[in-house]
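Novice: Taken in order, these protein sequences are the chains called A and B. Quick note on numbering: this note's numbering labels position 5 of the first sequence as 5, and the sequence is numbered without any gaps. For this note's numbering, count along the second sequence from 1 and bump the result up by 1000.
No lab work stands behind these hints: they were computed from the structure.
Residues from chain B that keep clear of chain A, each with C-beta distances beyond 10 Å, as calculated:
1) Gly1040
2) Glu1207
3) Ser1214
4) Thr1227
Below, in silico cross-link-like pairs of lysine to any residue (SDA-like), each with a Cα-Cα straight-line distance of 25 Å or less:
5) Lys1145(B) x Leu38(A)
6) Lys1105(B) x Glu132(A)
7) Lys124(A) x Gly1120(B)
8) Lys1041(B) x Asp147(A)
9) Lys1041(B) x Gln136(A)
10) Lys1156(B) x Ile41(A)
11) Lys1145(B) x Ile24(A)
12) Lys1041(B) x Ile133(A)
13) Lys100(A) x Lys1105(B)
14) Lys1156(B) x Asp14(A)
15) Lys1052(B) x Gly146(A)
16) Lys1064(B) x Leu95(A)
17) Lys1145(B) x Ser81(A)
18) Lys1046(B) x Glu132(A)
19) Lys100(A) x Ser1135(B)
20) Lys1134(B) x Leu119(A)
21) Lys100(A) x Ala1063(B)
22) Lys143(A) x Asp1050(B)
23) Lys1064(B) x Glu57(A)
24) Lys1162(B) x Val39(A)
25) Lys1154(B) x Gly114(A)
26) Lys1102(B) x Pro140(A)
27) Lys1210(B) x Glu1224(B)
28) Lys124(A) x Lys1046(B)
29) Lys1105(B) x Glu139(A)
Every residue, glycine too, gets a C-beta built ideally from N, C-alpha and C.
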Amino acid sequence: MPDCSVKMGCDYCDIVDRNSRAQILYEDDTALVVVKDLVLIPGQITILPRQHFTILELVPDEIVQKCSVLASKVSQAVFDSLEPHGTNILVQNGLGGGQKVPHFAIEIIPRREGDGLNLQWPPKEVPEEELEIVAQQLEPEAKKLGDLTVEPKKEEPQQKKKEEPKSEVKEQKENYLTKSLRRIP
Amino acid sequence: MQQLTEEQRKQLEEKLKGMTPEQIQALQKQQCIFCQIISGKIPSKKIYEDKKCFVILDINPAAKGHLLLLPRDHYSIVTQVPEELLGHLFVVAKNLSQVLLKTFKADGANLFVANGAAAGQRAQHFILHLIPRKSGDTLLNQEEKLVDQQMVEKVKMAVEGKLQILLGKKEMPKKEPVIVTEERFLTSASAKRYHRQNCAFAQNIPEENKVWLSREAATSSAREPCTCVSGKRIPLPKEGKKSKVKKEKAAGTKKSEPKKSSQQKVKEQKSEKGADLDDIARLFS
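So here's chain B without its partners, still in its complex pose:
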C-alpha cells in the first residue's frame, strides 16, 4: 500500500466525509485486492466458490493448503459481516477442513480471523483463514497461562453487560435509585428538628447554615424528625417574603434531583392547596 503524505491524507479524509456510505463501500471495493480477486481482475488459485463466498489458496501460506475464505461482498471486520453470511463461511470452513484432512492427511486445522492491524490483519477484506496443521509444526504455538480468579471475574464484569445488550437480552432496567436509601435530611447547626429537602422549614434554613444528614445520622442524632420526615404532612411554605426568597434559592440548589423537577413543580402547585399523602408517595417512590 502506498504511503500518503499528510496533505493527501487530509484531502482523502475530506473526500470521505462528503461521501455516502454506498460510495465509500464502492471505493473500498475498488481499492481492495481481494475484491479484485473475486471479480477476476487479479488471478488467484480458486478452490471453491458459491453465491456468497469465494475460497482461494493463500499465496504466502502458513502451511501447505492454507485457504482464505472470503465473503463476496466487502467487509473489513467480523462485526460487519451479516450473521447469515458469517454462519455460512464457518460451514464452508467445516466442509473444507474435512477436505484438507483427507487430502493432506493433516492432523488438525486452525480457523483464524484477525480484526484490526494489532491482531495481524493485513488486508481490508474480511478473511477467514483455514490452516491445515501437522503435529509438531510450530504454527500459532502459544502457551495458555493460568490467570487468577479475580481476573476471570473482572473480564466477566466488563463484557457481560455489553454482550447481553447485543444479544437482545437487555439488562434488567436499573431501578431508579430509591430515595430512601440515599436519603438526606436538612437541618441547621442549631435546629432541634431535621427535614426533607422540600420541606418549607428546610427551605427556610439559610444556605450557610445548612447541614446535611443521612437517615442514619439523623435518627441517631438528638434531633427530632419533622412531620415531613414521618410522612404525615409536608408543612406548607408560608407565603411570606422571606420564604419566597429562600424558595428561589432552594430552586437553584436542586442539583440532586434534576429529573424530578417537573414533579416538583406539580407538587409545588398542589402544595398551595395542601399536600396529602399521595403527593408524598409520588415524590418519594
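Excised from the complex, chain A in its bound form:
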C-alpha cells in the first residue's frame, strides 16, 4: 500500500477499512458512497475514493470523473428517496476550504425550504475594473492548461440512449424547478 504514513489516522480510510460507525451504501474498486455520523444535516451522503488522496488536485482524473458521476447518481437517489426540495454538492478542499478530514470527498446535502442550513454567500458588488484585473491574472494561467476535453470515442450515441429513458423523471424535476425558479425575484 502506498504511503501508509499519510493514511494513518485518516477517518475516511477508517471508513474504507470498515473501522468506523459510518454505513456504506455502495462501493466499487475506485470509490465508496457512505453515510457518516458527523454531518451538516441528516441525510447527507459522502462519496470518497477508496485510495487516500488528501486534496482534489492529487486525485487522478479518472477517479475525479468516477466520483462526480457517483455524485450525480447519489443526488438522483436522494431526490427519489428522501424527496428533498433540492440538493447541494459540496467539496471542501484544503484547510482554507473547510476540509476536516485529509481525504478528498464529495458531499451530497439534501435541502429543504427553511432547513436552517446556510450555504449561501453574500454576493459582493465588484466594480468592472476589478473583475477585469482578476480575469487578466487568471486567463493566461488557465490558457496554459490547453484544451482539457478528451476526444470522445464513439461514446456520444450511447449517452443519448441513456438519457432518454430518464426523461419522465426529468420532467417532474423540471416542473418543480421551473416552479421554484419562478418564485425567485
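We have chain A; now place chain B onto it with these hints.
Specialist: Coordinates of chain B only, in the frame set by chain A:
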C-alpha cells in the same frame, strides 16, 4: 426574472404542454442568461473554454476569483448532465483550482453545486461553482453535527436501494412471498378439521362461519389437518349444486392470491381429472 400573472402562467403552461422536448429545450436556452453568455450575446469575463464547457468570473463573487463552470449545453440540475460531461467539468475544476491556489495564494477551494431553489440555485443553467478560500474567511461556515446511529441507519435504509438501482446493480429480485410462511387455513367454528383455502371442504364452509387460522394456530389447536394440508391430495369438489354455488362465492373472495388466478384456473381444470402432488407443488411453491 419578471413575475407572471396567474393567467400568463396558465397560458405558458398550456404552451409548454404542446411542445416537444426539443422545443422546450430551445425555449429554455433562449430564456437562459448563461446560454446567452456562452453564445456571446451577453458579455462576460471568460477564463477558460473548450468544446464542452465555458468558465467565467462570477460578477457577484463570494471571493476574489470565484469561477462559474458552465456546460455549453443547457441543463438545469446535476442529474440531467450527461456523465461524461459532468466528469469533464470536475476535471476542469480540478485544474482551475490549482490555478487559483497558485495565482491568489488561496488556502483551499470549494466546489459547490445547487440543485433547486431550496438549495440556493438562482439560475436555470447548471453551474459548478469554484470558490477560492482563505483561512479565516467565513464562507460556507457551517458546523458539522454528530447524529445518532439510528439516523445514520435510517438514511442508509432509505437511499441504498434507489442508489443501487441507479447504478445498475439491481436489487436481488424479491422472492415471491413463500406461502408456507404466510399460510392461512380455513375452518369453521364447529369443524374438526382445518383446510387449505382451495380445498373443496373449505369452499363448502359458509362465508359467515369461516374462521382463518395461521399455521401455528392451526397446529396448536385441537383440530386435525385435512389431507389437503399434509399435501397428500386435495379433496375434489363434489359436482353438486351446493358446492358450485360455494365455489362461485369463493371465487369472489380470492383476494389474497390475485396473481395466481391463472394457475388456479389450470388447477381447477385439472382437478376434474384429479389433482396430484405435482399440481400441489406448483400451487404452493
